[in-house]
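Number of protein chains: 2
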Amino acid sequence: MTELTEPGGKVRLFVTAGLAADARVTPDEGQAHYLLHVMRAKAGDRVSLFNGRDGEWLARIAEVSKRSCVLQCEKQTRAQQDTPDIWLCFAPIKKTPADYVVQKATELGVRALQPVFTRRTIVTRVNAERMAANAIEAAEQSDRLTVPDIREAVTLDKLLKTWPAGRRILFCDEGGDAKPIADAARSIKESVFAILTGPEGGFDPAERETIRGHAFVTPVTLGPRILRADTAALASLAVLQAVKGDW
Amino acid sequence: MTELTEPGGKVRLFVTAGLAADARVTPDEGQAHYLLHVMRAKAGDRVSLFNGRDGEWLARIAEVSKRSCVLQCEKQTRAQQDTPDIWLCFAPIKKTPADYVVQKATELGVRALQPVFTRRTIVTRVNAERMAANAIEAAEQSDRLTVPDIREAVTLDKLLKTWPAGRRILFCDEGGDAKPIADAARSIKESVFAILTGPEGGFDPAERETIRGHAFVTPVTLGPRILRADTAALASLAVLQAVKGDW
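Residue numbers (my numbering), protein chains in the order written: chain C, 820 to 1066; chain Z, 820 to 1066.
Just to be clear, a hint being listed does not mean it is correct.
The list makes no distinction among identical chains, and a pair is therefore deemed to hold if it is satisfied within one copy or across any two copies.
Said to hold, decoys possible - Quick list of in silico lysine to any residue cross-link-like pairs, SDA-like style, CA-CA up to 20 Å:
1. K829 / E893
2. K977 / Q900
3. K829 / R1047
4. K998 / D1065
5. K829 / P1024
6. K1063 / T1040
7. K829 / G1042
8. K1063 / P1043
9. K829 / V889
10. K885 / D847
11. K998 / K1063
These are calculated hints, taken from the structure and not from any lab test.
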């Protein structure tokens, strides 16, 4: 038996089907192509599967046809576990940085990605399918057992009006008088939180006032330099994971 | 008078000439093209200049010819200051992530970038000119008053053998028994430090033993997920800035 590996490590596939002893799973078309034609997998080879619910399973390629195959679960190799409950609420930015934010935030262990439209957001629509594909790929490669939840884009106004009780927002504020992020993170009493970052050019002054007016918001600073929108999102997520997450 | 701005903020140029009251500075060809043909600047317009030594100066475009111009310093707008003394020692990675690492590390306030060749490093040469150009652009846009020092690439062996006394290395170790990075950063006694991150695929086990064998090395972990080389470099830099730097 061979456990398939690629340069980054073992081959892991995210599937939607239930995983249990002897469960048979049909990978989707792209996954089948990857296994059979890119990896040149053969019947009997093993891959790892996860679905966000049933932990990680070692599965054997049980049947192979020209364009498809069937994977049969053999044994559970890891019990299900989730990442810390941190959301990233971010103003969508142009394509390459957005792809990058989704991939990196997934590696960094974000629970949910929430695109937010603000006044200065230039991007007018979000490609949720592309975001989901990036998140799945990053989850497979980073050894996660879950894929972050990709939320439907909302306006800042709606985000704040429908904000769930008990979840604190760390608001990456360029205003100057905010708390350093590590101090702010250490003093959070809530066990669930979110980061809110703006578009290139930042939040509009009125938006900034509105955000800061909410009791569930803590403004934080990421130091004296000007960070790009994508850098701010990832840096704040890294600090929050290191101080309050699972690092 | 107009102070030139671009979407990210005011126009700032890094120059090598000395800056002082009434000093006249000739921008390089690329900068002159940018000012005259991209920004359509005219005589009398203002831009900000910095050189890594003399603070930030507001300068007036004093003379304009077809392909060049002269900038005359008017007043110092910020005194010189440096970023925290943190180096990033990283195994060079393929082009796009390497550009990204240089840009982001510059925004995050790194003092020096040191490419390191390891056994599993696939890249065999480093484009120092490209790295410098990326660092200058990011310094201009992030409001830095310095450009990080781009060091000549060295082997891991040489790096460790010539390591300066009194500087601690936080070694991003995938080995499992390392300290969480935030705890390790808080307990550093040295005031100057460096981060050491590996190539895709990580350090070779023998290299890892060698690195860990040095008294100036503290192995640290970035949590239970597998991070790409570039993610690990930037996440560790963000945490170090937040905990021990100037955030």
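Which earlier hints can't be squared with this structure? Of the numbered hints given earlier, the structure breaks just one, which is hint 2.
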